[in-house]
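Fit chain B to the known structure of chain A by using the hints.
Protein sequences, first through last, are from chains A and B.
One point on numbering: in my numbering, the residue at position 163 of the first sequence is 163, and numbering is uninterrupted.
One point on numbering: in my numbering, the residue at position 85 of the second sequence is 85, and numbering is uninterrupted.
To be clear, the hints were calculated from the coordinates, so they are not data collected in a lab.
Treat the hints with care, since some could be wrong.
[As the list claims (entries may be wrong)] Simulated crosslink set (SDA-like; lysine to any residue; CA at most 20 Å straight-line):
1. K110/B / F77/A
2. K110/B / N27/B
3. K110/B / K76/B
4. K110/B / L64/A
5. K76/B / R275/A
6. K214/B / L64/A
7. K172/B / L189/B
[To be verified] Derived list of chain A stretches under chain B, where covered just means 3 residues or more per stretch with a C-beta under 8 Å from a C-beta of chain B:
8. 61–68
9. 84–93
10. 130–136
11. 209–216
12. 255–268
[Claimed, not checked] If you want the ones that stay clear, here's a sample from chain B, every Cβ over 12 Å from chain A, calculated:
13. N27
14. H68
15. A147
A virtual CB, placed ideally from N, CA and C, is assigned to each residue, including glycine.
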Amino acid sequence: MSFGPNPWQQLHWDERAAANFMLGGTGAGLLVAWAVSSTVTPDWQGYLLAGMACIALGLGAVWLEIGRKLRAIHVFFHPQTSWMTREAMVAVILFGFGIAALGSGLRALGIAAALVALGFVYCQGRILRASKGIPAWREPTVTAFIVTTGLAEGGGAFLAASALVGGTQLPGLAFFALAAVARVLAWSRYRARLEHGLSKRALDTLNPAGRILVQLGTIVPLVLLLAGLALPEFARTAGIFAGLAALSAGWYLKFMLVTRAAFNQGFALPKLPVRGSR
Amino acid sequence: MTRWAMIADLRRCVGCQTCTAACKHTNATPPEVQWRRVLDMEVGEYPEVQRVFVPVGCMHCADPPCMHVCPSTATKQRADGIVTIDYDLCIGCAYCAVACPYQARYKTDKPSFAYGDGPIQSEAARFDDGRIGVATKCTFCSDRVDAGLEKGLTPGIDPEASPACVNSCIAKALHFGDVEDPASNVSQLLAENQYFRMHEELGTDPGFYYLWDKKPEKAA
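For reference, chain A alone in the conformation it holds in the complex (with noise of 0.2 Å):
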């Protein structure tokens, strides 16, 4: 294997680890929609579980990825500086409150493990900021788009979830447009901070995802909601069919921030050799 001087994309995380991004974002956004539509949703367990679902199954395929996966228990070992652990520790408490919630059939349990839920996908987006070796990933403003994107993916997930089974009330609506907007105004300072000191072929990947995110996640979804508000008997169809869109094109963009947009820096000189005598 020959490493050159320019940039090349990282080998280490592959799609075990991106799925840990797109599930474990989705999960934490389903359980904040829920909780802010939790007083107008009658059958709330169904979406805990299904958020904790998809929160544990990303989980999963990260343990799929390390190389010694009988010692996943060390990576509690250091919360003082890595969110890696503190991701980890932050999931015990959610799974905790959740698993809680479903037993005791508390509400309220359930309200604090979607507010735990923000806390998870908030150390997933400083994950990425904390890859020093990675331009693309290593932008301050990443946390912001990872953030934002869970919780658009996760109210999308709701949105195509409650419209399924019956419809959804206002809240959802509203959280779900007020996530599409938030993220999209997160991907394009994220996207404009990285116009500098990116490589070509970094931003020519990630390009594509974020016109598919500002037009089949965003743009798509709103005006299927606006449609389905002036039309109540295609409100259901709406429903389903932006939440679907917005999901899968916040899956899309962190695929290829993960797989296929996360080039190193390469090597630089800042100086040449002088050789020979002056």
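Then chain B, alone, in the frame of chain A:
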């Protein structure tokens, strides 16, 4: 306080890769794992083209991002600045590998050998299962440094106490020593020459210096 550091004189390096071979021989790293490697860089455009050989590896940063992100505390920093990995603690998550701006870390998920599926005699003798599925990187030959110090030797001066790559360098391009000691070999080189460190703007405070020219002589 001691801080071990390495210097590569870019004017002297000829890209022979002897340091790479010496490192592999000393540390028994598998194929495609090069704790010390030398980049062959072509810079500029015809006719102004220059070829530069750049030894790279773990920079043993004073503020190592790999250590901060490590969830298992496997990556640590010694008082003398050497950044280490405890193979028994590492879970092989490779977070350190994506946090390192110098691409210095490797993870080998399954045994690999130079010739086919099975090890040759020397590989079999030195195979270490503890290094499979975990992060590995240059250690600055800390075992040689420590053993040498116990014998009263000076790392960077006495070959027995110096990293293998430094010992093997045919052009005296690589140097090792205590950068905190003003009288050390490396401090003298830094005082006499102009130097830079790789990706210094990231604030990692690398312990690997590149010499590129003499310091301009002061006007009388």
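Evaluation of the provided hints:
1. For the hint linking K110/B to F77/A, the alpha-carbon distance of about 25 Å lies beyond 20 Å, and the restraint is violated.
2. With a CA separation close to 17 Å, the supplied pair K110/B and N27/B stays within the 20 Å bound.
3. A C-alpha spacing of about 25 Å is found between K110/B and K76/B, which places the hinted pair above 20 Å, so the restraint is violated.
4. Restraint check: the Cα-Cα separation between K110/B and L64/A comes to about 15 Å, which is no more than 20 Å; the hinted pair holds.
5. Of the pairs offered as hints, the one joining K76/B and R275/A is violated, with about 38 Å between alpha carbons and a cut-off of 20 Å exceeded.
6. With a CA separation close to 52 Å, the supplied pair K214/B and L64/A exceeds the 20 Å bound.
7. Between K172/B and L189/B the alpha-carbon distance is near 12 Å, which keeps this suggested pair within the 20 Å criterion.
8. Under a criterion of three residues with beta carbons nearer than 8 Å to beta carbons of chain B, the stated coverage of the region 61–68 of chain A is upheld, 5 such residues being counted.
9. For the region 84–93 of chain A, the assignment as covered by chain B holds, since 3 residues bring a beta-carbon within under 8 Å of that chain's beta-carbons and 3 suffice.
10. Coverage of the region 130–136 of chain A by chain B holds. Counting CB-CB distances below 8 Å, 5 residues qualify, and the rule asks for three or more.
11. With a cut-off of 8 Å between beta carbons, the region 209–216 of chain A has 0 residues touching chain B; three or more are needed, and the interface restraint is violated.
12. Counting residues of the region 255–268 of chain A whose CB lies closer than 8 Å to any CB of chain B gives 5, which reaches the minimum of 3, so the coverage claim holds.
13. No Cβ of chain A comes within 12 Å of the Cβ of N27/B; the nearest lies about 18 Å off, and the non-interface call holds.
14. Not every CB of chain A lies more than 12 Å from the CB of H68/B, the least distance being 4 Å, so the non-interface label is violated.
15. Every CB of chain A is more than 12 Å from the CB of A147/B (nearest about 29 Å), matching its label as outside the interface.
Of the hints listed earlier, those the structure fails to meet are numbers 1, 3, 5, 6, 11, 14, in rising order.
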